[in-house]
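Protein chains: 2
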Amino acid sequence: MTLQSERKFEDRLQVVKDLLARNEDVALNEYIQQLHPADVAEILLKLDYEDQEKFFSILSWEQASRVLEEVDSETFTSLIGILKKEQKTLILDQMSQDDMVDLLADLSEEKRKEIISLLDLENAQEVRELLVYQEDTAGGIMTKDFIAVRKDITVYQAIEDLRESAGDAETVYYVYVVDNEERLVGVLSLRELIVSKPNKLIEDIMHEQVISVNLDTDQEEVARLVAKYDLLAIPVVDKDNKLMGIITVDDIIDVIEEEATEDIYKFAGTSEIEYTDEDKLSSRIYASVKSRLPWLIITMFGGLLSAKVIGSYEAALNKNTSIALFMPLLAGMGGNVGTQSSTLTVRGIAMGNIKGKEVLKTLLQEFSVGFLVGLVCSIIAALLSLVVQGDIALSIVVGIAMWANMITAASIGTLVPLVFKRIGVDPAVASAPFISTTIDITGLSIYFTLTTILLNKFIL
Amino acid sequence: MTLQSERKFEDRLQVVKDLLARNEDVALNEYIQQLHPADVAEILLKLDYEDQEKFFSILSWEQASRVLEEVDSETFTSLIGILKKEQKTLILDQMSQDDMVDLLADLSEEKRKEIISLLDLENAQEVRELLVYQEDTAGGIMTKDFIAVRKDITVYQAIEDLRESAGDAETVYYVYVVDNEERLVGVLSLRELIVSKPNKLIEDIMHEQVISVNLDTDQEEVARLVAKYDLLAIPVVDKDNKLMGIITVDDIIDVIEEEATEDIYKFAGTSEIEYTDEDKLSSRIYASVKSRLPWLIITMFGGLLSAKVIGSYEAALNKNTSIALFMPLLAGMGGNVGTQSSTLTVRGIAMGNIKGKEVLKTLLQEFSVGFLVGLVCSIIAALLSLVVQGDIALSIVVGIAMWANMITAASIGTLVPLVFKRIGVDPAVASAPFISTTIDITGLSIYFTLTTILLNKFIL
Numbered sequence: 000m001t002l003q004s005e006r007k008f009e010d011r012l013q014v015v016k017d018l019l020a021r022n023e024d025v026a027l028n029e030y031i032q033q034l035h036p037a038d039v040a041e042i043l044l045k046l047d048y049e050d051q052e053k054f055f056s057i058l059s060w061e062q063a064s065r066v067l068e069e070v071d072s073e074t075f076t077s078l079i080g081i082l083k084k085e086q087k088t089l090i091l092d093q094m095s096q097d098d099m100v101d102l103l104a105d106l107s108e109e110k111r112k113e114i115i116s117l118l119d120l121e122n123a124q125e126v127r128e129l130l131v132y133q134e135d136t137a138g139g140i141m142t143k144d145f146i147a148v149r150k151d152i153t154v155y156q157a158i159e160d161l162r163e164s165a166g167d168a169e170t171v172y173y174v175y176v177v178d179n180e181e182r183l184v185g186v187l188s189l190r191e192l193i194v195s196k197p198n199k200l201i202e203d204i205m206h207e208q209v210i211s212v213n214l215d216t217d218q219e220e221v222a223r224l225v226a227k228y229d230l231l232a233i234p235v236v237d238k239d240n241k242l243m244g245i246i247t248v249d250d251i252i253d254v255i256e257e258e259a260t261e262d263i264y265k266f267a268g269t270s271e272i273e274y275t276d277e278d279k280l281s282s283r284i285y286a287s288v289k290s291r292l293p294w295l296i297i298t299m300f301g302g303l304l305s306a307k308v309i310g311s312y313e314a315a316l317n318k319n320t321s322i323a324l325f326m327p328l329l330a331g332m333g334g335n336v337g338t339q340s341s342t343l344t345v346r347g348i349a350m351g352n353i354k355g356k357e358v359l360k361t362l363l364q365e366f367s368v369g370f371l372v373g374l375v376c377s378i379i380a381a382l383l384s385l386v387v388q389g390d391i392a393l394s395i396v397v398g399i400a401m402w403a404n405m406i407t408a409a410s411i412g413t414l415v416p417l418v419f420k421r422i423g424v425d426p427a428v429a430s431a432p433f434i435s436t437t438i439d440i441t442g443l444s445i446y447f448t449l450t451t452i453l454l455n456k457f458i459l
Numbered sequence: 000m001t002l003q004s005e006r007k008f009e010d011r012l013q014v015v016k017d018l019l020a021r022n023e024d025v026a027l028n029e030y031i032q033q034l035h036p037a038d039v040a041e042i043l044l045k046l047d048y049e050d051q052e053k054f055f056s057i058l059s060w061e062q063a064s065r066v067l068e069e070v071d072s073e074t075f076t077s078l079i080g081i082l083k084k085e086q087k088t089l090i091l092d093q094m095s096q097d098d099m100v101d102l103l104a105d106l107s108e109e110k111r112k113e114i115i116s117l118l119d120l121e122n123a124q125e126v127r128e129l130l131v132y133q134e135d136t137a138g139g140i141m142t143k144d145f146i147a148v149r150k151d152i153t154v155y156q157a158i159e160d161l162r163e164s165a166g167d168a169e170t171v172y173y174v175y176v177v178d179n180e181e182r183l184v185g186v187l188s189l190r191e192l193i194v195s196k197p198n199k200l201i202e203d204i205m206h207e208q209v210i211s212v213n214l215d216t217d218q219e220e221v222a223r224l225v226a227k228y229d230l231l232a233i234p235v236v237d238k239d240n241k242l243m244g245i246i247t248v249d250d251i252i253d254v255i256e257e258e259a260t261e262d263i264y265k266f267a268g269t270s271e272i273e274y275t276d277e278d279k280l281s282s283r284i285y286a287s288v289k290s291r292l293p294w295l296i297i298t299m300f301g302g303l304l305s306a307k308v309i310g311s312y313e314a315a316l317n318k319n320t321s322i323a324l325f326m327p328l329l330a331g332m333g334g335n336v337g338t339q340s341s342t343l344t345v346r347g348i349a350m351g352n353i354k355g356k357e358v359l360k361t362l363l364q365e366f367s368v369g370f371l372v373g374l375v376c377s378i379i380a381a382l383l384s385l386v387v388q389g390d391i392a393l394s395i396v397v398g399i400a401m402w403a404n405m406i407t408a409a410s411i412g413t414l415v416p417l418v419f420k421r422i423g424v425d426p427a428v429a430s431a432p433f434i435s436t437t438i439d440i441t442g443l444s445i446y447f448t449l450t451t452i453l454l455n456k457f458i459l
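These protein sequence lines are chains A and B, in that order. Heads up: the first sequence begins at 0 in numbering that gives the first Met the number 0, then just goes up one per residue. Heads up: the second sequence begins at 0 in numbering that gives the first Met the number 0, then just goes up one per residue.
It is worth saying that the hints were derived from the structure and are not from the lab. C-beta: ideal position from N, C-alpha, C; glycine also. A few of these clues could be false.
Claimed, not checked - Pairs of lysine-lysine residues, derived as DSSO-like cross-links and limited to a Cα-Cα distance of at most 27 Å, are as follows:
id	chain 1	residue 1	chain 2	residue 2
1	A	K279	B	K7
2	B	K360	A	K238
3	B	K45	A	K356
4	B	K354	A	K289
5	A	K279	B	K45
6	A	K360	B	K7
Claimed, not checked - Residues on chain A that point at chain B, a partial pick, calculated with CB under 8 Å:
id	residue
7	E113
8	I114
9	S116
10	Q124
11	E125
12	R127
13	S164
14	Q208
15	F266
16	K279
17	R283
18	I296
19	L343
20	L359
21	F419
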């Protein structure tokens with residue numbers, strides 16, 4: 000598996016399509032066996048419905064459950080639909096619990112019940128419990144497939160237990176240690192277990208300092224802890240410190256990517272739009288409009304406010320329409336430097352770099368940056384507007400307005416996310432429309448005030 | 000370790016400061032032992048220089064090396080400086096190779112040589128080899144601390160080897176299998192090794208399908224593979240398939256966060272600004288100005304182009320200055336919807352969701368979204384501008400211009416990143432300034448053309 004993965008994918012898809020067309024089930028089965036379940040799922044998703052059915056029926060039970068872990072809930076239901084009842088039970092019970100819960104969370108109540116009824120009793124009970132937790136909390140992303148041993152058994156016993164039960168567990172890189180009331184009291188790496196003397200007691204070799212999270216810990220905080228402490232899994236405990244589940248690092252990676260996407264979308268003034276390959280274009284468009292329109296309408300009122308501002312200076316505009324020429328330039332440059340400042344600030348807050356004393360330092364820094372880049376830009380703008388329009392007085396006004404505007408914009412872009420953070424509003428969500436509107440209005444006010452004062456004095 | 004981590008940090012810092020002030024070395028040492036190295040490093044970084052020295056000298060060798068892995072290169076050199084030579088060697092040899100290489104890469108040639116000369120011969124040689132690779136490739140982020148066994152030994156022998164050598168290796172969750180020319184031929188999980196019969200041969204139980212990357216594979220591609228296949232580590236091979244190193248999932252998390260930050264910054268028109276807590280404010284400001292100014296200057300030329308466009312319609316403006324009132328509204332709304340479209344497209348490309356047939360579908364989708372949100376916004380804009388200005392003809396022009404503008408902006412916002420991707424330019428880096436300028440100019444042209452045609456016909 001190297002860089003040419005996209006090319007490889009097309010090749011594989013072609014091979015599968017050919018073998019399906021020629022009904023070469025045995026050859027196809029052999030071919031699939033060499034592939035990773037994630038690749039098999041990718042191929043499956045690109046086949047049409049009949050081929051999907053045929054292809055899925057060729058998979059072994061083990062493969063089928065691994066593949067189901069990788070698909071979206073719609074494909075999941077349609078694939079499950081083509082199985083016989085006893086097959087369903089076998090395949091579903093093999094699936095990883097956290098992936099199963101994610102899929103079920105997207106289904107209707109009825110569909111969900113139907114699928115849970117197919118699971119074995121213990122698994123069904125656990126899945127039901129997991130479905131209770133909020134999707135973006137530790138409880139919502141954890142799995143109950145973990146290994147825990149009692150603190151009072153020996154290393155030898157622990158290894159024997161592991162041999163018997165490890166098949167089930169999603170990760171056995173950490174062995175969690177509990178007391179006789181299931182409370183989390185320690186942790187061991189599998190390696191430490193293996194290199195220890197067989198007759199030692201677990202409690203004598205375990206680490207007592209365990210980094211854990213609560214059921215309701217936000218998934219972003221969970222990700223932060225896993226990243227900070229370089230963990231492969233993190234245990235989840237309830238309020239009595241009872242071990243309830245674990246979250247593995249592969250799910251943490253998903254959380255990190257999800258949160259980054261969310262932040263990026265919020266900057267652009269759109270909430271996350273969830274759609275899959277299978278969705279119809281019309282429902283994708285509907286979802287997109289629904290998440291984007293509110294932001295656009297909010298900013299439109301901001302735009303109308305700027306119209307009001309300009310309107311109040313219409314007399315000046317009437318005297319010298321050239322003033323209008325540089326309005327987009329000034330508003331645009333203010334917007335650009337403001338976006339830079341707010342992006343750096345919002346990301347800095349999200350990454351935990353701006354707190355305590357750093358807040359004042361950040362403000363001072365952004366003000367200074369606005370001062371410097373504003374100075375450079377205003378000189379260039381004044382010179383170029385002189386070339387474009389040939390009006391010295393206007394060029395001076397444009398230059399000064401640009402400078403004042405950029406300093407203000409950088410300061411507003413920094414201040415707004417900081418204030419929002421302080422009053423408990425998500426800085427990412429609120430900053431983009433609020434900042435662009437504020438900057439537009441202050442920028443235009445600065446420009447027109449300067450125009451009125453300076454141009455009146457010196458020329459008009 | 001729960002949610003109150005920020006509060007906890009302040010408490011810990013205070014405890015450490017108090018103990019340092021009272022010179023209670025023994026108590027301090029006991030206190031530190033309960034903490035994770037990442038927490039110890041965090042505390043260390045917040046102390047002033049003298050306290051840092053004192054604090055660091057209290058750490059055990061093992062702790063000192065774990066802490067050094069967590070600090071930046073500046074702190075690293077200053078802390079190393081306070082150690083005696085034999086201490087240096089001991090502590091440096093304990094450090095994880097990939098972290099050490101990251102630190103060394105930021106130092107001067109001279110400093111780097113000095114530190115490498117303190118390492119034991121084998122480690123020094125390996126570190127020198129790692130320093131050759133580009134920082135953002137697999138070679139640049141891999142470690143040579145891995146476990147590999149020959150395919151022709153038994154499970155028993157392999158476990159014995161592991162017991163002896165595992166102390167060194169950064170991860171022993173996967174055991175890589177090589178042939179007698181060091182070529183990667185298979186992989187085993189530690190768990191599989193333990194549950195296998197001791198007299199079996201490794202080659203009979205290993206998986207032959209190993210997902211690996213080359214030395215020069217881009218780190219973003221490495222992250223994509225690790226995320227896709229849910230790996231805890233990925234092996235790195237040279238062109239002859241010889242096993243050269245591994246990359247562990249904790250480093251992959253760093254890569255994912257780094258790349259997300261980079262993308263977010265590029266959107267805002269600024270390259271990544273790397274600075275640490277220790278940097279002086281002046282150097283932070285300098286770094287920030289340097290990375291932001293080029294983008295601002297580029298967009299300024301765009302702003303002057305819009306001035307040119309408005310200038311060519313100055314006659315229309317002279318007749319009716321009210322036209323100027325709605326320029327910021329129109330330009331702003333075009334910019335907003337364009338940013339939404341370009342953000343969704345750029346992120347879609349980065350996440351691998353837009354390829355092949357999806358390209359056309361995405362374009363069609365964004366065009367439709369522009370059409371629909373544009374329709375809603377243009378009706379609202381027309382009505383509100385009527386309220387604000389009371390000019391029916393102008394309101395109609397504003398409405399139509401808004402609609403046309405938003406459809407165009409959504410299409411441009413989608414098309415530009417797609418085209419940039421096709422011609423091999425990073426969509427994230429080039430889109431923001433290019434798109435905002437293009438949209439400003441097309442938006443104003445649409446507005447003025449419509450104004451000239453419609454207002455002339457019906458009113459003026």
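Do the hints match the structure? See the list:
no. : hint               : verdict
1   : A:K279 with B:K7   : violated (49 Å)
2   : B:K360 with A:K238 : violated (48 Å)
3   : B:K45 with A:K356  : holds (11 Å)
4   : B:K354 with A:K289 : holds (24 Å)
5   : A:K279 with B:K45  : violated (54 Å)
6   : A:K360 with B:K7   : holds (23 Å)
7   : E113               : violated (28 Å)
8   : I114               : violated (23 Å)
9   : S116               : violated (28 Å)
10  : Q124               : violated (26 Å)
11  : E125               : violated (21 Å)
12  : R127               : violated (25 Å)
13  : S164               : violated (11 Å)
14  : Q208               : holds (6 Å)
15  : F266               : holds (7 Å)
16  : K279               : violated (11 Å)
17  : R283               : holds (6 Å)
18  : I296               : holds (7 Å)
19  : L343               : holds (7 Å)
20  : L359               : violated (10 Å)
21  : F419               : violated (17 Å)
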